[in-house]
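Note that the protein sequences, when read in sequence, are chains A and B.
End of the first sequence sits at 368 in our numbering; the numbers just go up one at a time, nothing left out.
End of the second sequence sits at 374 in our numbering; the numbers just go up one at a time, nothing left out.
Hints may be right or wrong, so weigh each one.
To be verified - Stretch by stretch, here's where chain A covers chain B in the computed footprint (C-beta under 8 Å, at least three residues):
#1 34 to 41
#2 87 to 97
#3 110 to 117
To be verified - Listed below are several chain B residues computed to face chain A (Cβ distance under 10 Å; list not exhaustive):
#4 Asn121
#5 Ile123
#6 Thr287
#7 Ile301
#8 Pro311
#9 Arg336
Said to hold, decoys possible - Stretch by stretch, here's where chain B covers chain A in the computed footprint (C-beta under 8 Å, at least three residues):
#10 18 to 24
#11 290 to 302
None of these hints come from the bench; they were simulated from the model.
Here a beta-carbon is modelled for each residue, glycine too, at the ideal position from N, C-alpha and C.
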Amino acid sequence: MTIFHFIKKECFHILRDKRTLLILFGMPVIMIVLFGYAIRNDLGSSKLVIVDNAHDTYSQQLTDRLDASKYFEVSYQLNTIEQIDQVFRKEKASIALVIPSQFGHTLMHAGSAQLLLIADGSDPNTATSRIQYAQAIIQSCQQDMQVAGPQGLHIHTDIRMLYNPELKSVYGFIPGLMALILMLISAMMTAITITKEKETGTMELLLVSPLKPVLIITGKIVPYILLSFINALLILGFGHFLFDVPILGNTALLLLESIIFILTALSLGILISTLTSSQQTAMMISLGGLLMPTVLLSGFIFPLSSMPWPLRWIANLIPAKWFILILKDIMLKGSGWRQVWEETLILLVMTTLFTGLSIQKFKIRLDK
Amino acid sequence: MRIIKFIIQKEFLQIFRNKGMLPIIIILPIIQLLVLGFAADYEIKNITVDVVDRDHSSWSNRLTGKLKASGYFLINNYTPSSSTALRDLESRQADLALVIPPHFERDLVRNQGQKIQLLINAITGIKAGVAAGYLQQILSEFNKEIQIEWLSQPTASPTRAVGINTTTAYWYNPYQDYKQFMVPGILVVLVTMIGAFLSAMNIVREKEIGTMEQLNVTPIKKLHFIIGKLLPFWIIGLMELTLGLLLAWWIFDLTFAGNLLIIFMFAAIYLLVMLGMGLLISTKTDTQQQAMFITWFFIVIFLLLSGLFTPIDSMPGWAKSITLFNPVGWFIKVIRMVLLKNSTWSDVQTAFYAITAFAIAVNGIALLLYKKRI
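Extracted from the complex, chain A is given alone in its bound form (with noise of 0.2 Å):
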């Protein structure tokens, strides 16, 4: 019965501390926030300015046209291209539609002008798609103008965007932000709390006590899974209730999926603490080596498929990515347990080694 003192003196000790606790369960829903209503992938409104050689109507029918559309708001009317540089660099301006002299009249009589767009390419996406968003208005602004294009033989293209019709952002974020915050507090968090018992010394007062090293590890443990799995309860909750994150699968698989990763993450967080007996090389270690990983390498943000092939390979390595592939099959694709065991096979093999080599190490620091 003494572990369960052993894990309530812990629980004391993480309840005890407001400050900690506050950030535990604030940091899941601010970022939750964040993904749902800030960050975002499409574009939004960007200032574009007109050099306008022509000053005709047709000049300022494109431009009113362009300043009509929901992605563009024209900010300046320049005389030279060599301006633009200017505002650009400014960050004034983002695109630029230069108009030639005479432009309506060429357009009228020898049945076709130039265009020319410039974009502010630092950023290279951002730049294409504003480029394409201004293409696809002057050409239906061109249509509007009675100049007929090519006839006939017409593609229509039918896009169907599959588990995700409306391309929300938050569907892919909820589950990378789960794999984020759970590895936070189940590896980060117990990775500290055992080197900081190492560290002030209270780890060897409790080696000597009757509690078997394993106990010790359990107790030290246990809390964090029940506070991580709150916290996943939490998030899932959040996105399908606020964001309508579909939960298309079997919940209870997905909770079963999320235990999983909880104690994967839990066996690198001792993992660590064994490696290390200073708190700001735990946390060091944990944020370099798991959390860095976990947002970078995962899938979570960037895409994995773009990546040169070492950097894909290294993703495999790390428990994120399975984790988030499993949530995304179940939640969005309603996947059963077929499409995921193979997954969850990985996830159940990284427990096992990382648990292996801790207990390993842990013995050897016990004989010093």
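Given the coordinates of chain A, assemble chain B onto it according to the supplied hints.
This is chain B only, laid out in the frame that chain A set:
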């Protein structure tokens, strides 16, 4: 002055004595820069496609060929069955499926129009959007090609090719290299981590292990102590930036369009903000664990709202206003402007005023809250 010198000496001794910390200060940022530089790539490549060709005509073959030649797509499966494609989409073998209907070529000619279906795995919204964009571009080019061929045939009615032609230019990053955009931002992340984390943890550590009380009973003045504590990290931060810039230039071929002096001047003030933040956090916390979590909390929010990963332009108005109070966002903006666009002092003036104001405010508050007592 002498006292400050001794404290700094002590700090450097402690930092360099700690064998665990040294690699963290030097090696971790390098790894981080390398991994981030290569990983943080929003350029969408290697999109796997299932082509469901139910027509097998010369045109459908040509379209598949164009897809392959574009360089963005990898053909995963060439199949006549839609159900195979749907299965591949579900098991993530394919990112998208292009469904060419039966009698595509015949009906296109007969009806002057025909539908092609794109099925896209849209779980990663950005990838889906970009992939759809690429594919539509290829389709419209293909469409234009066959139109011109069709129209040049004697049977068709002659129409003149008319319309507005748009030429496009991408300034400052003509090769559309994503790293040129990302790596400067990553350098800011490195400097931020060193500044905020190490300073907060360092001071709280003295509290936690009790040496703070010993320092407090010495005649060292509060200001001297703080300067002595923070200056080493200010120096390390600037060294870190130099190292990062060198690596960026060497490994990522970063172009330095602008004046590096502006960046270093900005970094010098920026580090004061971060160190001040660390100091502020250390006055409000008692353990390293708390300090770390609070620092982490703020840094994550700063980073998410900094425009590092997603454009600030896409944020809603309230979030945009918040970004004005985000020092990380200002630095990322300045370093990108200067390195890529050769923005000069007058272009980035506002950012300098803002960051100086933050530095004064944060350090002022931290000094007021810092109490030297047992």
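Broken hints, by number:
Per hint list: zero violations.
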